[in-house]
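Turn these sequences into a full structure, and let the hints guide you.
Each position in the sequence shown, counted from 1, maps to that position plus 42 in the numbering used here.
These are computed hints drawn from the structure, not numbers from a lab.
From the three backbone atoms N, C-alpha and C, an ideal C-beta is built for every residue, glycine too.
Careful, some of the hints might be misleading.
[Claimed, not checked] Quick list of simulated restraints, FRET-style, between CB atoms: (1) Ala175 / Phe201: 17 to 25 Å; (2) Asp173 / Ala138: 15 to 23 Å; (3) Gln172 / Phe137: 15 to 23 Å; (4) Gln176 / Asp215: 23 to 31 Å; (5) Asp210 / Asn52: 45 to 53 Å; (6) Phe137 / Ala214: 17 to 25 Å; (7) Leu203 / Asp173: 16 to 24 Å; (8) Gly112 / Leu209: 35 to 43 Å; (9) Glu178 / Asn157: 23 to 31 Å; (10) Glu196 / Ala110: 32 to 40 Å; (11) Leu203 / Asn157: 27 to 35 Å; (12) Glu64 / Cys132: 20 to 28 Å; (13) Gln71 / Phe137: 28 to 36 Å.
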Amino acid sequence: MNVPQAVFSNAVVTAAASGGTEVVHHLIQQGADVNCEAEFLGTVTTLLVAAIASDALDGLQKAQLLIAHGAEMNAPAMGYSNALQMLLHCKVPYFALVECLLDAGMDTDAPSAPNGAGTSSEMAVQHYRQDEAQREAWKDIILLLRRNGAVFFEGDLDFLLQQTWFLDTLTADC
Numbered sequence: 043m044n045v046p047q048a049v050f051s052n053a054v055v056t057a058a059a060s061g062g063t064e065v066v067h068h069l070i071q072q073g074a075d076v077n078c079e080a081e082f083l084g085t086v087t088t089l090l091v092a093a094i095a096s097d098a099l100d101g102l103q104k105a106q107l108l109i110a111h112g113a114e115m116n117a118p119a120m121g122y123s124n125a126l127q128m129l130l131h132c133k134v135p136y137f138a139l140v141e142c143l144l145d146a147g148m149d150t151d152a153p154s155a156p157n158g159a160g161t162s163s164e165m166a167v168q169h170y171r172q173d174e175a176q177r178e179a180w181k182d183i184i185l186l187l188r189r190n191g192a193v194f195f196e197g198d199l200d201f202l203l204q205q206t207w208f209l210d211t212l213t214a215d216c
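This is how it looks when you write it as structure tokens:
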């Protein structure tokens with residue numbers, strides 16, 4: 043097949059956003075760059091699009107596929123230091139996808155997003171405080187970030203130290 047790389051790159055970003063996992067896999071097999079970028083409200087990466095533009099299971103499967111084929115884990119996009127920050131800023135406490143990104147080497151302590159949204163841990167704590175309906179899910183994300191070495195800064199750490207569930211994890215580690 044003699045198709046320019048740019049055509050595949052644009053197609054793989056589009057497929058990551060709205061196509062099935064099989065389409066993404068086919069495009070990768072045909073030579074699409076898993077680290078391509080596209081302009082959509084700023085620069086987006088294929089992994090970022092897969093993480094935020096799909097339903098939960100489909101997004102996870104696409105992210106796993108892209109990671110398995112060498113997706114750059116910490117590429118900045120859309121004013122965020124990495125896809126994890128964008129995912130958390132979108133107020134999506136999707137544990138399995140966050141866990142997948144962290145297991146693959148996503149930086150939990152990437153600098154605060156240039157757009158001022160904060161670090162991953164800051165966003166997770168903020169959502170825990172504000173989102174009563176999903177508080178338990180945000181608690182799980184906070185604990186996952188902590189287990190993966192995330193740094194919690196003074197204000198957030200002071201707040202977390204007042205939470206029994208957080209203290210319980212600290213004493214369990216001793």
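Quick rundown of the hints versus the structure:
Between Ala175 and Phe201 the Cβ separation comes to about 19 Å, which falls inside the hinted range of 17 to 25 Å. Checked against the hint of 15 to 23 Å, the pair Asp173 and Ala138 passes, with Cβ atoms roughly 18 Å apart. Gln172 and Phe137 have their C-beta atoms about 18 Å apart, which keeps the hinted 15 to 23 Å range intact. Roughly 26 Å separates the CB atoms of Gln176 and Asp215, a value that falls within the hinted 23 to 31 Å.
Distance hint for Asp210 and Asn52: a CB-CB separation of about 48 Å, consistent with the stated range 45 to 53 Å. One distance hint, 17 to 25 Å for the beta-carbon pair Phe137 and Ala214, holds here, with the actual separation near 19 Å. Between Leu203 and Asp173 the beta carbon distance is about 20 Å. The supplied range of 16 to 24 Å therefore holds. Checking the proposed 35 to 43 Å range against Gly112 and Leu209 shows it holds: the Cβ atoms sit about 40 Å from each other.
For Glu178 paired with Asn157, a C-beta distance near 28 Å keeps the hint of 23 to 31 Å intact. Range check, Glu196 to Ala110: Cβ separation about 38 Å, and the 32 to 40 Å hint holds. Remark: the range hint 27 to 35 Å for Leu203 to Asn157 is upheld by a beta-carbon distance near 28 Å. Look at Glu64 against Cys132: about 25 Å separates their beta carbons, and that is inside 20 to 28 Å.
Between Gln71 and Phe137 the Cβ separation comes to about 30 Å, which falls inside the hinted range of 28 to 36 Å.
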